[in-house]
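Start from the sequences, fold in the hints, and give me the full structure.
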Amino acid sequence: MQYDDIRPVYYLRKWQYYEAARHELSVTEQEQAKVFFNALKQLNEKERQILSDVYYCSRKPCTFKEKTGYYHSLIPVKDEVLAKKYAVTIDRFSNMRRLAQMSLKKEMQNILSKITSSFMFRINTNLHLVDFINQNTTNETQYILGTKQDGKVFNQNEDIHGLFFDLMLLGFEKVPVK
Numbered sequence: 001m002q003y004d005d006i007r008p009v010y011y012l013r014k015w016q017y018y019e020a021a022r023h024e025l026s027v028t029e030q031e032q033a034k035v036f037f038n039a040l041k042q043l044n045e046k047e048r049q050i051l052s053d054v055y056y057c058s059r060k061p062c063t064f065k066e067k068t069g070y071y072h073s074l075i076p077v078k079d080e081v082l083a084k085k086y087a088v089t090i091d092r093f094s095n096m097r098r099l100a101q102m103s104l105k106k107e108m109q110n111i112l113s114k115i116t117s118s119f120m121f122r123i124n125t126n127l128h129l130v131d132f133i134n135q136n137t138t139n140e141t142q143y144i145l146g147t148k149q150d151g152k153v154f155n156q157n158e159d160i161h162g163l164f165f166d167l168m169l170l171g172f173e174k175v176p177v178k
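For the sequence shown, my numbering gives the first residue as 1, with consecutive numbering after it.
Think of the hints as simulated: they come from the structure by calculation, not from any bench. Note that CB positions come from ideal geometry on N, CA and C, so glycine has one too. Do not take every clue at face value.
To be verified - Pairwise CB distance ranges (calculated):
| hint | residue 1 | residue 2 | range |
| --- | --- | --- | --- |
| 1 | E173 | A87 | 33 to 41 Å |
| 2 | K105 | N157 | 21 to 29 Å |
| 3 | Y10 | K85 | 21 to 29 Å |
| 4 | Q49 | Q149 | 36 to 44 Å |
| 5 | M102 | R59 | 21 to 29 Å |
This is the structure:
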C-alpha cells in the first residue's frame, strides 16, 4: 500500500469482501484490511454512516473471482438514491460523500505513517529532504532539498535532538518508505 496512492474508493468497494473472506485473505489483503478498518474506526459516526450507506449497504456485486469464490467488490449506491434518504440535494450529498472519503484517506495515511518504520520528509509531492547542515556557531540549520530518489531515509528510533518535530513545524511531512 503506497502512502500517496491511497484511493479510498478501492477499499470501500471491497469492504464486504474483507469481512466475508477474512480467513482467506492474502497477506497483502490482510494488511490493507487492517489499515482500512482501523482508519474507519477513527472517522466520526456521520462520516462512517455515509460511507456505509454508499458502499457497504450496496446489493450490487461487481467482480466475482472464481479462485476465491467471493465477489471482490460492489457497485456503490447512487448519490441520487441516498440524497433522497438524507433529504438533501444530490450535489450536497456528493460533497458529504467526498468529504467522508477524504477523511478516510487522511486516517489511512496517518495509520501508515505510524506503522512504517522508515520514512522520508517532504515539503510537497516533489521536494524531499536530502540532507541538513547544522552550523553550531549561529544555531541555524540549512536544509538541502531534492528529488524522492535523493531523499534521506530515516528510522523512527533515530530522532536527532528533536529534529523530526522541528521539521514538521517547518511544514515537512513524514512519508513512509517501503
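Practice task
Starting from the hint list further up, note which numbers the structure goes against and sort them upward.
Solution key: none
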